[in-house]
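This is what each chain is made of:
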Amino acid sequence: ETGVTQSPTHLIKTRGQQVTLRCSSQSGHNTVSWYQQALGQGPQFIFQYYREEENGRGNFPPRFSGLQFPNYSSELNVNALELDDSALYLCASSLALTRDRGPYEQYFGPGTRLTVT
Amino acid sequence: QQPVQSPQAVILREGEDAVINCSSSKALYSVHWYRQKHGEAPVFLMILLKGGEQKGHEKISASFNEKKQQSSLYLTASQLSYSGTYFCGTAPPGSARQLTFGSGTQLTVLP
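Top line first, the protein sequences correspond to chains R and G.
Each residue of the first sequence is one higher than the one before, starting from 1 at the first, in the numbering used here.
Each residue of the second sequence is one higher than the one before, starting from 118 at the first, in the numbering used here.
Everything labelled a hint here was simulated from the structure, so no lab data went into it.
Glycine is no exception: its CB is placed at the ideal position from the N, C-alpha and C atoms.
Incorrect hints may have been included.
To be verified - Taking beta-carbon pairs under 10 angstroms as the criterion, some of the chain G residues facing chain R (in silico):
| hint | residue |
| --- | --- |
| 1 | Q119 |
| 2 | P159 |
| 3 | V160 |
| 4 | M163 |
| 5 | G173 |
| 6 | G206 |
| 7 | F218 |
| 8 | S220 |
Claimed, not checked - Computed spacing ranges between beta-carbons, pair by pair:
| hint | chain 1 | residue 1 | chain 2 | residue 2 | range |
| --- | --- | --- | --- | --- | --- |
| 9 | G | E157 | R | S27 | 18 to 26 angstroms |
| 10 | G | G169 | R | L97 | 19 to 27 angstroms |
| 11 | G | S220 | R | Q18 | 24 to 32 angstroms |
| 12 | G | Q125 | R | R63 | 30 to 38 angstroms |
| 13 | G | S220 | R | R15 | 25 to 33 angstroms |
| 14 | G | E183 | R | R15 | 39 to 47 angstroms |
| 15 | R | T98 | G | G169 | 20 to 28 angstroms |
| 16 | R | Q17 | G | G169 | 47 to 55 angstroms |
| 17 | G | E170 | R | G28 | 20 to 28 angstroms |
| 18 | R | S27 | G | A144 | 29 to 37 angstroms |
| 19 | R | Q17 | G | A194 | 45 to 53 angstroms |
| 20 | G | I128 | R | E53 | 42 to 50 angstroms |
| 21 | G | A126 | R | T115 | 25 to 33 angstroms |
Stated by the list, open to error - Calculated from the model, a selection of chain G residues having no Cβ within reach of chain R, i.e. all distances over 10 angstroms:
| hint | residue |
| --- | --- |
| 22 | S142 |
| 23 | T193 |
| 24 | L197 |
Construct the entire structure; sequences and hints are all you get.
So, in structure tokens, the structure goes:
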């Protein structure tokens, strides 16, 4: 059984640039959630994708967007990067029977450390 | 709104017990507990649902007081491997899939 993987591990970008982070969900999982974790804080929910559709969104601006692919892997895109976007970005996969049923235990990837200068 | 965890930090000796609390100002549908070691991904420990259902690891115990919107995680006979930051995540009714995590409780177990 393959766990959740994320790429890249680390990334340094300049303010105003755009970035794409990638996540491969655990085998058999159909739901991916993305979180932003600032240093010393708990993960903050960005959004969730269930079977390629957005299925809930946290309090993040529209410049944070995502995709889920038919193999249930996912991307997080952030446009117009700001210094405050510097954080660890975590994705977590789970298996949901329907889009409305939950909650489910989530399996987190190791994260992508994004630094915006 | 973010749940409040207490204590913020605790230091134990191996074999001692600890309780970590999580409190919300909103009605809850579920409480989730995760442990994160430094530089690693959070690891699932337990889900507690309104109505009493629990899913989690056998060696972990927790409680969920629905009326008080509080949950407690009980760590008994702690081991060195229990060290890490413990996060509770809460989900309100109607938004069961969206977790709001607390700021964490840092647990250090010393030999």
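Results for each hint:
1. At about 8 angstroms, the closest approach between the beta carbon of Q119 of chain G and any beta carbon in chain R falls short of 10 angstroms, and the interface hint on this residue holds.
2. At about 5 angstroms, the closest approach between the beta carbon of P159 of chain G and any beta carbon in chain R falls short of 10 angstroms, and the interface hint on this residue holds.
3. Interface hint status for V160 of chain G: upheld, as the beta-carbon distance to the closest one in chain R is roughly 7 angstroms, under 10 angstroms.
4. Hint status for M163 of chain G relative to chain R: holds, with the closest Cβ pair at about 9 angstroms, below 10 angstroms.
5. Below 10 angstroms, beta-carbon pairs count as interface contacts, and G173 of chain G has one with chain R at about 8 angstroms; its hint therefore holds.
6. The interface hint given for G206 of chain G holds, since its Cβ lies 8 angstroms from the closest Cβ of chain R, which is under the 10 angstroms cut-off.
7. A cut of 10 angstroms between beta carbons decides the hint on F218 of chain G: the least distance to chain R is about 3 angstroms, and the hint holds.
8. The criterion of a C-beta within 10 angstroms of any C-beta in chain R is met by S220 of chain G, whose closest approach is roughly 5 angstroms, and the hint holds.
9. The hint said 18 to 26 angstroms for the Cβ distance between E157 of chain G and S27 of chain R, and at roughly 21 angstroms that hint holds.
10. The hint said 19 to 27 angstroms for the Cβ distance between G169 of chain G and L97 of chain R, and at roughly 21 angstroms that hint holds.
11. For S220 of chain G and Q18 of chain R, the Cβ-Cβ distance of about 30 angstroms falls inside the hinted range of 24 to 32 angstroms, so the restraint holds.
12. The given range of 30 to 38 angstroms is respected by Q125 of chain G and R63 of chain R, whose C-beta atoms sit roughly 32 angstroms from each other.
13. Judged by the Cβ atoms, the range 25 to 33 angstroms given for S220 of chain G and R15 of chain R holds: they are separated by roughly 27 angstroms.
14. Evaluation of the 39 to 47 angstroms hint for E183 of chain G and R15 of chain R yields a pass: the beta carbon distance comes to about 45 angstroms.
15. Evaluation of the 20 to 28 angstroms hint for T98 of chain R and G169 of chain G yields a pass: the beta carbon distance comes to about 22 angstroms.
16. In this structure the hint that Q17 of chain R and G169 of chain G lie 47 to 55 angstroms apart at CB holds, the actual value being about 49 angstroms.
17. Between E170 of chain G and G28 of chain R, the C-beta spacing of about 22 angstroms keeps the proposed range 20 to 28 angstroms intact.
18. Checked against the given bound of 29 to 37 angstroms, the beta carbons of S27 of chain R and A144 of chain G, roughly 35 angstroms apart, stay inside it.
19. Hint check: Q17 of chain R to A194 of chain G, Cβ distance near 50 angstroms, so the stated range 45 to 53 angstroms holds.
20. Evaluation of the 42 to 50 angstroms hint for I128 of chain G and E53 of chain R yields a pass: the beta carbon distance comes to about 45 angstroms.
21. Between A126 of chain G and T115 of chain R, the C-beta spacing of about 27 angstroms keeps the proposed range 25 to 33 angstroms intact.
22. The Cβ of S142 of chain G lies farther than 10 angstroms from every Cβ of chain R, with a closest approach of about 16 angstroms, so its non-interface assignment holds.
23. Residue-level check passed: T193 of chain G sits 22 angstroms from the nearest beta carbon of chain R, beyond 10 angstroms.
24. Separation of L197 of chain G from chain R is adequate, the least Cβ-Cβ distance of about 22 angstroms exceeding the 10 angstroms criterion.
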